[in-house]
Structure formats: C-alpha cells, structure tokens
Amino acid sequence: MVSSTSAKKQLWTTLEVPALRKKYYAESLGKAGGQKVAWCSNGVPSEILDAMDINAVYVENYATVCASKRLSSGFCRAGERAGFSQDVCGYARILMGYLLGGDDVPEAPYGGLAKPDFLVVNSYSCDSRVGWFATMSHTLNIPLYVIDSPYQPLGGCTEVANAVYTESQLEDFVHFLEQQTGTKLDRGKLREKVELARRANDIQVDIYDMRKAVPSPMGAGDAYTVVWPGMYMAGTKECDEFYERLRAEISERIEKKIGIVPEEKFRLLWSGLPLWYNMALLNYFEDFGGVVSIENLYFRYEKSLPSQHEDPLKDMAISSTLRRPYASDIEQRAQLTLEVIREYHVDGVILAYNPSCRMMYILQPELKNILDRHGIPNLSLECDMADERTYSEGQIKTRLDAFIERMLSRRGEGK
Amino acid sequence: MERLMQVRSERHQVAREWKRQTGKKVIGVFCCDVPEELIYAAGMLPVRILGSHEEATEGDLHFPTNVCPYPKSCLDQALKGHYDYLDGVVVPNVCDMIRAMYGAWKLNAGIPYVHFLEVPQRISPHGVEFFRQALVQFQGLLEEISGNSISSESLRDAIDVYNRNRSLLREACELRGKRLLSGVELQEMVISSMLMPKEEHNQLMSLYLEEVRQRSPATDGVRIFISASMLDDTDFLELIEECGGSIVADDMPMGSRYFFHSVDSAEEPLLALAQRYLNRIPCPRKMLPQDRYHYIQETMAGFDVQGAIIHNLKACDCHLYEYPYLKEKLEAQGLPVLFFRGEETEAELETQRDDIEAFIEMLRG
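Protein chains in written order, with my numbering: chain Y, 1 to 415; chain Z, 1 to 365.
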C-alpha cells in the first residue's frame, strides 16, 4: 500500500510541467477529428510528426500518468483479463486495460486519449514495445509502422552501416506518414524543428553536467518531472524556453549554494525506472540528510552533432549513433554507471528492479555484482515501475532505513 | 534413432570428441537466427547452446528471478564448466534476454570469442542489406578464429548441405503429420541436427526416414498442434504423447521454424543467407502476428488438427504479447487451446500432466 504519491518539487521551473502536460493532453484531445492521430512509443521522433502536423500521442507517458494517479491496478487487471500475462510490461497492461475496458476499469485521466488513426513504434531498447504495438494494431484494426533501430552499442555493424540503415528507416517512415496523411513532408520545416530539438538537448546536457555540483541543485524528485518536455515536446519553442529557464534556475541555486537538504550528508544514484505511483519515495532520504542527486535512465550524455547535411533526416540518422546507455549491454551500462558515481560524488546506489521492464531489470544483478566489487554501497528494490500491486511499503521502508543507517555510519567513519 | 538420442543426451562429450578427432574448433550459437552455414564453411562445428532442468544456482547470481529461464540456464551450464570446449559463442540480437547473454558470457564464461550478431527487428529490403553487412563482419571473425578463408564455393557447398538437411526434416515433418513418426522422434531429429556435423546427420536421417516410411500409421492419439517459445529438450512433448496426444504439427524454434524454409541456392550466398534468416524464420520478434498466423496455418494444413497447446516460457515477451491473438485465431477456427506459462523445471512437468490429460479427454469427446 502506498501512503503518498507525488515527489516534493524544489524548483519553480519544475512546477510548470504539470500544467504543460495537462495542456498537451487537452490540446491533443481537442485536435482529434481535425488531424491524423498517431499513437507512438518513446523514441519516435516527434519532430517529424510535428512537421507533418500529425497529432502524436505518446502512450507510455500516458501509462505513467495513470500510474501516478494510482490507477494502475484497475487498468492492469483489465489488461490481464484479456490474456496478457503479469510478466508483460506494466505500461502495456495499463494501455491494454484502457483500450479493452470493463466495468471495474477506472475513469481515464485527462478525459482519455485522442482515438488513433495509426500506430508507430521504435524498436530501440526493448522487445516489449513492438509486441505491444502489434497487439494494439490488431485490437484497433489500424496500421502499424515499426521504425527499426540498430542495437549499435555492441558494434554488430559499423557506425556508417548503422546510420545508413537508420536513415532508410526514417525515409520509409516519412513515406508511410505521407501515405497516411496525403501530404508531403516539408523538410525545411523539419529542419527548424530539428534545430530546436538540438538546442533543447544541448541545454539538457548542460543541466546534467551542472548537477555534479555539491550541494545538489536538483534532485531526482524534480528531475524525473523535468524530462517530460524534452521527451514529448522536442522541437518546439516552448520546450526550448522551458529548459532555458530551468538552466538559469539551477545556475542560480549553484551560485547561492542552495541544496535539496539543509546539510547534505549523502548522495544517491537511482538506477532504473522510478516507481511512478510513489514518487515521494525519492524524498524519503531527505529527512536523514540524503538526496537522490542523480538518476541514470534518462541521462543525456552528449551534445548534438553539428548539422552536416542539407537533408535533416540524414542528420537525425547520424545523431542516432550517439551513445544510448540504457539500450546497451552490461559492460557499457556498468562503465557509465561508475563514471556517473565518480563524477557526481555518489555515495550509494538504489537499484530499482522493475520486473516488467525487462531491458532495465535483466541487467541489474550483474550491475550489483560490479558495484559490490568496487565497494559501492547499493540497495536492490524489487517493485514494478507501473503496477503498484508489486509494492509493499513496510518491507521497502525497513530496507531503506537499514540502508540509510549504513550510509550515515560510513559518513561517520569518514568513509 | 538411438544415435540421435545419444547425440542430444551426451552432447558435450560428442562435441569434445569431434574436436579431439578433427583438431577443429566448435562454436556455440543461440537461436535460429545465426547462419550456421558460415561456421560450417569455415571448417568449424556449430552447436546449439541448450539449458537444463538443473537448478540455475550459478545463473541466479547474474540474472533476476522474473526472466526467461532458458538463457539463464544456458549461462548456468557455462558457469558450471559444461561448455568449456567452446572456442566461440555467437549471440544474435533476437530478444532482450538473449541479447544480455553477450555481456554475461563475455564477462563470466571464459570463452575466447563472444560475438554479437546484429539482426534487424523488422523484415524489409533495407533490413536484408543491413543484415548482409552484419554477416560480412561475422564472416571476417569466423575466418580469424578458424584460420580458414570462406570462399563463395565453400559457402555454396555449406548451403547445399544445410538445405539437404532442411529437406529431410521437412519430409520427417510430413511423416509426423501422417502419424508415421511421433512428435518426440521429430524433436530428437531436430535437436540432434543442431549438435552434430550436418553431413553425418543427413546420412542418419536418410536411413531413418527409409525405415519410417515402412511403418503403419498410428491410429490412436488426439491430433495436437503445438506452439512453443523454447523447449530445448523432449520432456514436454513426451508428456503430451504419454497423455494420449499425437503431435502432428508445430510452431517451435526447436521444431519447424528451424527447417521450414530453405536458402535460395541460386542467389549470391551471403545475400541468400541474409534473405532466408531475416525474412523466413517465423519468430514473433520479427514477424507480425498475422504473418505468423499464416505460417501456422501452413504447418497445420492437411493434418486434421483437433486441439492446440501453447507453451510459452515465463517472461518471454515476444511470445506472451502474441498469445491472446493466437488464442483468438485458433479458437475461431474451432481449435480448443491449452496454455502453459513454463518455468522449465522437472517439478513443473508433473503439475502439467493433469491439465494435459483433461484437455486430451475433452478433445476425445
């Protein structure tokens, strides 16, 4: 049972996000009927959809909205009734529950989603998405487009081959969209969106870099919220300006040495997905002088590459060769995690074992083995990111308390 | 048939013995997506990596509980030293868990070469070209490991040997449908073909099929179609047939998916391999459910199937998403469906027996 849900936000700019999100969903519903609606997975470039005036709805985000409003149990149960195993992604079960409905299904947040005309999924990072979208395509009887992304971190192919293949996928995708909408993509318009998205990405890279500061200027409670515009509004002025304001606020906090807690005693890295139905857990450490100062799932490591081609699709394909730590294998995940621990002055790691998010979950024990070998304190918490029935507050808090005590005693011993 | 059963049950000794006798190298492969012809053409023996029902005490130290038990068990076997004869391992990009085998084997298994083979997740002409390029890299590595260069001619020969094997297995599949051969016998043929030199398997298969053709068809047994994510031994099939089922058609990676489609021997060899291995393996990771369903219809055609059993290992996302669709389609064509979410343990088989017996009884009417 969860006692509270929202994380405490410390930055003024973060407080803008719920309104942005609400407006985004309201506008999306309002547009329905006038525009083609695409239900998309994460990783589908919104810049292209936006440039073609397509109403893009990112359904994984909607699943997190449902979870954060404590509605996951009802939706998941409905999904499971339709034959989906409890093993499959919590986001997928929520959406399937939303789609298939039933008497006990909760009322949909924000009045529901605009009805889709077609579906688009990006294969990067996990198998679950493609299976889920294929199922929705059958249930809704609408077309599905799969953008295939090479699993490049392991070098199965050369970087050039990866970029060429990715470009072919984007070109085919544009062709699919042109068929669906009956209009041609204006590549000049796309170029403008790509440039804006790049600027917003680069500001976010700056922000991540600034979070190395001690005391921590922004904790995970804010950070998991502020990723939202970058993920779902990339390529818009609103998004760009949002990150400008956020960077300015963080800069001011660093200058004035304003931290998350009055006296910062230990800093934690949250590895994995947060528990969307209980984001307040991220603040739990603060009463003890601890702060979750960095999280590695949405981490932006690299600034955008400069434009090299007239055709923005070519540049987008080349950009996709930048590193994607969480689509990577264990060696790369461990290397990046150790890098973050060093550079962000991290004292301990919370390893979220989210069983239904396979691509995060399967590598966590090996990451734990590696952290243990490096003598880095860590705590494994096994509960799903979306399905709150997997969460047991009493057990989790007992374990957190013991971990906090360990952190504090290490500090007492001067580490 | 005894020889084939022996190859499976003593697979490690068989591979070690082959290595000792020939002085050549052995390469372990995961899944149906690695073009074994390239390994064969380099003068090495490709062997399929299999798990065990043994408790994964070592594997559990590297992977959590709620994952597909098959790859975890394979790693467990490697960590217990059973795969110490391998000179290399090929991990294709075929699912989240198999993909994780790359790092797990590289870090922990102590095998000289662990190669990641990129496999597109979408069937398309661009995907074929991308996969062909991945095969060029793979070929280079195999040449390095073996010290042999792979010529077009040697690759064509390999394709011929492998196509011959596919054709023999397809014939066995027909004979199974006519109930001259049991489901378990076919499974023994398929698994052993993944563990021994193909030309030797071809010889044995020719002899066995000659014998099988002389048999009289079985008349009892309820005709069952089985779809499975991964059954790397014959135990579950034995259980079905012990309970009165007669397997006449399948959709399994250790079954028809492995041999149903041949490589186009008239095409440029690497391109032909890329086309066959990307486009023609009916795996739910790459193939959309409706296309898979067409394939399933093809495997069942003419065999008068009475019921369907679906066995998916737990946490196998590709199959678990497809299951509701498959169930709906099979039931719509009048086939009752029995579903299992497998854990791959000995104890589990006994609990499944009652359900299978009841299902077969129901089908008998």
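These are computed hints drawn from the structure, not numbers from a lab. Be careful, since some hints might not be right.
What the hints assert, rightly or not - Computed footprint of chain Y on chain Z, listed as stretches where at least three residues anywhere in the stretch have a Cβ under 8 Å from a Cβ of chain Y:
hint, region
1, 4 to 14
2, 247 to 255
3, 283 to 297
4, 317 to 326
Note that beta-carbon positions come from the ideal geometry of N, C-alpha and C, so glycine has one too.
A quick look at each hint next to the structure:
no.	hint	verdict
1	4 to 14	violated (count 0)
2	247 to 255	violated (count 0)
3	283 to 297	holds (count 5)
4	317 to 326	holds (count 8)
In this structure, the earlier hints numbered 1 and 2 are contradicted, and the remaining ones agree with it.
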